[in-house]
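Let's have the full structure, built from the sequences with the hints guiding it.
Protein chains: 2
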Amino acid sequence: MSVIYDRVALIGLGLIASSIAHAVKWKGLAREVVGHARSAETRATALEIGLCSEVFETAAEAVRGADLVILCVPVGAMDAIAAEIAPHLKPGATVTDVGSVKQAVIDAVGPHLPEGVHFIPGHPLAGTEHSGPRAGFATLFVNRWWLLTPVAQSEPDAVARLRSFVEAMGANVEEMDAPHHDLVLAVTSHTPHLIAYTMVGVADHLRRVSQSEVIKFSASGFRDFTRIAASDPVMWRDVFLTNKEATLDILGRFTEELFMLQRAIRMGDGDMLHDYFTRTRAIRRGIIEAGQDTDAPDFGRAPAPKPGA
Amino acid sequence: MSVIYDRVALIGLGLIASSIAHAVKWKGLAREVVGHARSAETRATALEIGLCSEVFETAAEAVRGADLVILCVPVGAMDAIAAEIAPHLKPGATVTDVGSVKQAVIDAVGPHLPEGVHFIPGHPLAGTEHSGPRAGFATLFVNRWWLLTPVAQSEPDAVARLRSFVEAMGANVEEMDAPHHDLVLAVTSHTPHLIAYTMVGVADHLRRVSQSEVIKFSASGFRDFTRIAASDPVMWRDVFLTNKEATLDILGRFTEELFMLQRAIRMGDGDMLHDYFTRTRAIRRGIIEAGQDTDAPDFGRAPAPKPGA
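Chains A and B, in that order, are what the protein sequence lines are. Once you know that position 83 of the first sequence is 83 in the numbering used here, the rest is easy, because the numbers rise by one and skip nothing. Once you know that position 260 of the second sequence is 260 in the numbering used here, the rest is easy, because the numbers rise by one and skip nothing.
These aren't lab readings, by the way, just hints derived from the structure by calculation. Hints may be right or wrong, so weigh each one.
Claimed, not checked - Here are the simulated SDA-like cross-link-like pairs (lysine to any residue), alpha carbons at most 20 angstroms apart as the crow flies:
#1 B:Lys244 x A:Leu206
#2 A:Lys216 x B:Leu206
#3 A:Lys216 x B:Arg163
#4 B:Lys244 x A:Arg208
#5 B:Lys216 x A:Glu167
#6 B:Lys216 x A:Met272
#7 B:Lys244 x A:Gly270
#8 A:Lys216 x B:Leu148
#9 B:Lys244 x A:Ala264
#10 B:Lys216 x A:Glu257
#11 B:Lys216 x B:His205
#12 B:Lys216 x A:His274
#13 A:Lys244 x B:Phe259
#14 A:Lys216 x B:Asn172
#15 A:Lys216 x B:Met176
#16 B:Lys244 x A:Gln262
#17 B:Lys216 x A:Met267
#18 B:Lys216 x A:His180
#19 A:Lys216 x B:Phe259
#20 A:Lys244 x B:Asp271
#21 A:Lys216 x B:Lys244
#22 A:Lys244 x B:Glu174
#23 A:Lys216 x B:Asp177
#24 B:Lys216 x A:Gly286
#25 A:Lys216 x B:Glu174
#26 B:Lys244 x A:Met272
#27 B:Lys244 x A:Met267
#28 B:Lys216 x A:Glu289
#29 B:Lys216 x A:Met176
#30 B:Lys216 x A:Leu148
#31 A:Lys244 x B:Leu206
#32 B:Lys216 x A:Ala264
#33 A:Lys244 x B:Arg263
#34 A:Lys216 x B:Val173
#35 B:Lys244 x A:His274
#36 B:Lys216 x A:Gly270
#37 B:Lys244 x A:Phe259
#38 B:Lys216 x A:Arg279
#39 B:Lys244 x A:Glu257
Keep in mind that this is a model prediction, so the values were computed, not measured.
Structure, rendered in structure tokens:
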């Protein structure tokens, strides 16, 4: 691989940013990776483990001279960060982000950016339940989707360059508009997360079943909920606050559908339940065929290839 | 290991029964394993892959001379099977089952069994999304819970013997009464499954997001739902029909809680969301510490040890 951007600036140094830093180094995609984090502890860790060659106290310093700026902060922090960095961006630089919601990021960041800077919002569909600068690893994006939602002003050349950068980290790229992105994610990610959080909360409140019982016997289904309910609380708060309409839309459909199944249970309508459960199996098969999970009997996921392997 | 039961009869030859057959052979826990399945195709498969030394067309034939009879059929089929086998059971034999609901099994099976037969209901908390006689593997129960819900008449010696059999397959055993079992499972398994089925159904119905988009972008949370929503439809229909009260109780709490979070989203109450999401993280940590999942960054689960390893 060859250098795609001379200098990359990572604003925020959590799971996604640290994985980008590792992947860029693994593939040699930049001559230099610099960074900024609000917390002094995170900045010290980033230097200690060699994520960046330089780590700055302010985002304004970090973006100076950068050809690619990647905003890796919670969606709710994008507005303030964009206002801070705007006067310091190099003309011709590309600014992207990794936020889970796209219209809200466009509304927050777009108005601050000067002419001559390419703004191309993005969203890697990759993550783990861990957060922070030590959580990253180089292969996080391998065979995962990275969605780009270019705005009207995004120049095709700048989009193609960012696309090649992301693909070089192993990701598959798809472009779509921001409102569609936000609806797709409300279905595939945001609502499932809210439901998982809720189910874990219910178990936590129940007096007649102890928390240690819930934990001990979690392998029978509950475990899969706790995994997604363990993600970063700040990130998820911002997702729901900024993708409100689409999430509430999907939640409304979900409760309608749940009430229908609940009624079938109450009325003892076995045929209805059986038909419903049969249909949902087909979607699962599609996911395995699409290579987004394995069908190993232990539900294991093959670990991503190690760098250098 | 040494032989614990001379002759074991498996009634039903799906995922759980075939895993028991493999585990019994692996550990040498019986001199002979015989079986029965309703479908001629399943019976042929069981003989072909050597699950059992003999496979019978009727459950009545299969239980003759068996020291341990394990009912591995959906909960809704237990009543008819118990009526059929009762006259053919060997005096002193132990009858157990692997149903996901326990009070309904006790009500269905108990009245049919003659005096002198030990009835000890059971439930292994282990499974995969696959079903059928080819789905089983010897290590399915290793480090998983196997709950026993002895009834008033269950003799301590018979319970201890069954317990040692189950532990020899690698499982951890806990005893509890049937109503408590059904409530614990409603929280940790039955309600999570219903919710997962519902979410997958919602995604399936949505016109503005194509099924191929849902499948492609499933890694962002939805995937974990599809995994548990792919389980055997007949088994799950019977679970909800026979654990109706506890499931409806937990579902009621779930929708209350969900509406509260939905309202917080609508009102933009970020503090409430953040607090809620922070609390659920603690439960997740408990599960990892209890050894019921790993915290590997790729969410991988270590495969169970291979027989002989």
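Hints, one by one, checked against the model:
In summary, the hint linking Lys244 of chain B to Leu206 of chain A is supported, as the alpha carbons are separated by about 18 angstroms, within the 20 angstroms threshold. Among the hinted pairs, Lys216 of chain A with Leu206 of chain B is inconsistent with the structure: their alpha-carbon atoms are about 36 angstroms apart, more than 20 angstroms. Taking the CA atoms of Lys216 of chain A and Arg163 of chain B, the gap is near 18 angstroms; set against the 20 angstroms cutoff, the hint holds. Straight-line distance between C-alpha atoms of Lys244 of chain B and Arg208 of chain A comes to about 17 angstroms, which keeps the hinted pair within the 20 angstroms bound.
Between Lys216 of chain B and Glu167 of chain A the CA atoms are separated by roughly 16 angstroms; this keeps the pair inside 20 angstroms, and the hint holds. In summary, the hint linking Lys216 of chain B to Met272 of chain A is not supported, as the alpha carbons are separated by about 28 angstroms, beyond the 20 angstroms threshold. Distance restraint check for Lys244 of chain B and Gly270 of chain A: the Cα-Cα separation of roughly 12 angstroms lies within the 20 angstroms cut-off, and the hinted pair is therefore satisfied. The hinted pair formed by Lys216 of chain A and Leu148 of chain B meets the criterion: a straight-line CA distance of about 15 angstroms does not exceed 20 angstroms.
A C-alpha spacing of about 10 angstroms is found between Lys244 of chain B and Ala264 of chain A, which places the hinted pair at or below 20 angstroms, so the restraint holds. Distance hint between Lys216 of chain B and Glu257 of chain A is unfulfilled; the C-alpha atoms sit about 23 angstroms from each other, more than 20 angstroms. Only pairs whose Cα atoms come within 20 angstroms are accepted, and Lys216 of chain B paired with His205 of chain B is accepted, the gap being roughly 16 angstroms. Note on Lys216 of chain B and His274 of chain A: the hinted pairing is violated, with a Cα-Cα distance of about 26 angstroms set against a maximum of 20 angstroms.
A hinted pair counts as satisfied when its Cα atoms are at most 20 angstroms apart, and Lys244 of chain A with Phe259 of chain B qualifies at roughly 14 angstroms. A C-alpha spacing of about 10 angstroms is found between Lys216 of chain A and Asn172 of chain B, which places the hinted pair at or below 20 angstroms, so the restraint holds. This hinted pair checks out: Lys216 of chain A and Met176 of chain B have alpha carbons roughly 14 angstroms apart, not beyond 20 angstroms. Of the pairs offered as hints, the one joining Lys244 of chain B and Gln262 of chain A holds, with about 9 angstroms between alpha carbons and a cut-off of 20 angstroms not exceeded.
Our distance criterion of 20 angstroms between C-alpha atoms is broken by Lys216 of chain B and Met267 of chain A, whose separation comes to about 36 angstroms. Distance check on the hinted pair: Lys216 of chain B and His180 of chain A sit about 14 angstroms apart at the alpha-carbon level, within 20 angstroms; holds. Annotation: proposed proximity of Lys216 of chain A to Phe259 of chain B is violated, straight-line Cα distance about 28 angstroms (limit 20 angstroms). Note on Lys244 of chain A and Asp271 of chain B: the hinted pairing holds, with a Cα-Cα distance of about 15 angstroms set against a maximum of 20 angstroms.
Under the criterion of a C-alpha separation no larger than 20 angstroms, the hint pairing Lys216 of chain A with Lys244 of chain B is inconsistent with the structure, at around 23 angstroms. With a C-alpha separation of about 44 angstroms, the suggested pair Lys244 of chain A and Glu174 of chain B falls outside the 20 angstroms cut-off, and the hint is violated. Pair hint Lys216 of chain A plus Asp177 of chain B holds up; C-alpha atoms about 17 angstroms apart against a cutoff of 20 angstroms. Of the supplied pair hints, the one linking Lys216 of chain B and Gly286 of chain A holds, its CA atoms being roughly 9 angstroms apart against a limit of 20 angstroms.
Only pairs whose Cα atoms come within 20 angstroms are accepted, and Lys216 of chain A paired with Glu174 of chain B is accepted, the gap being roughly 10 angstroms. The suggested pairing of Lys244 of chain B with Met272 of chain A holds, with an alpha-carbon distance near 15 angstroms, which does not exceed 20 angstroms. Taking the CA atoms of Lys244 of chain B and Met267 of chain A, the gap is near 10 angstroms; set against the 20 angstroms cutoff, the hint holds. Between Lys216 of chain B and Glu289 of chain A, the direct Cα distance comes to roughly 10 angstroms. Compliance with the 20 angstroms bound is thereby established for this hinted pair.
This hinted pair checks out: Lys216 of chain B and Met176 of chain A have alpha carbons roughly 14 angstroms apart, not beyond 20 angstroms. Our distance criterion of 20 angstroms between C-alpha atoms is met by Lys216 of chain B and Leu148 of chain A, whose separation comes to about 15 angstroms. Among the hinted pairs, Lys244 of chain A with Leu206 of chain B is consistent with the structure: their alpha-carbon atoms are about 18 angstroms apart, no more than 20 angstroms. With a CA separation close to 31 angstroms, the supplied pair Lys216 of chain B and Ala264 of chain A exceeds the 20 angstroms bound.
At roughly 11 angstroms between alpha-carbon atoms, Lys244 of chain A and Arg263 of chain B fall within 20 angstroms of each other, so this suggested pair holds. Taken as a hint, the Lys216 of chain A and Val173 of chain B pair is honoured in the structure, with Cα atoms around 11 angstroms apart against an allowance of 20 angstroms. Taking the CA atoms of Lys244 of chain B and His274 of chain A, the gap is about 15 angstroms. The hint holds against a cut of 20 angstroms. Only pairs whose Cα atoms come within 20 angstroms are accepted, and Lys216 of chain B paired with Gly270 of chain A is rejected, the gap being roughly 32 angstroms.
Only pairs whose Cα atoms come within 20 angstroms are accepted, and Lys244 of chain B paired with Phe259 of chain A is accepted, the gap being roughly 14 angstroms. The straight-line distance between the Cα atoms of Lys216 of chain B and Arg279 of chain A is roughly 18 angstroms, inside the 20 angstroms bound, and the hint therefore holds. Among the hinted pairs, Lys244 of chain B with Glu257 of chain A is consistent with the structure: their alpha-carbon atoms are about 18 angstroms apart, no more than 20 angstroms.
In summary, the structure is inconsistent with hints 2, 6, 10, 12, 17, 19, 21, 22, 32, 36 from the numbered list given earlier, while agreeing with the others.
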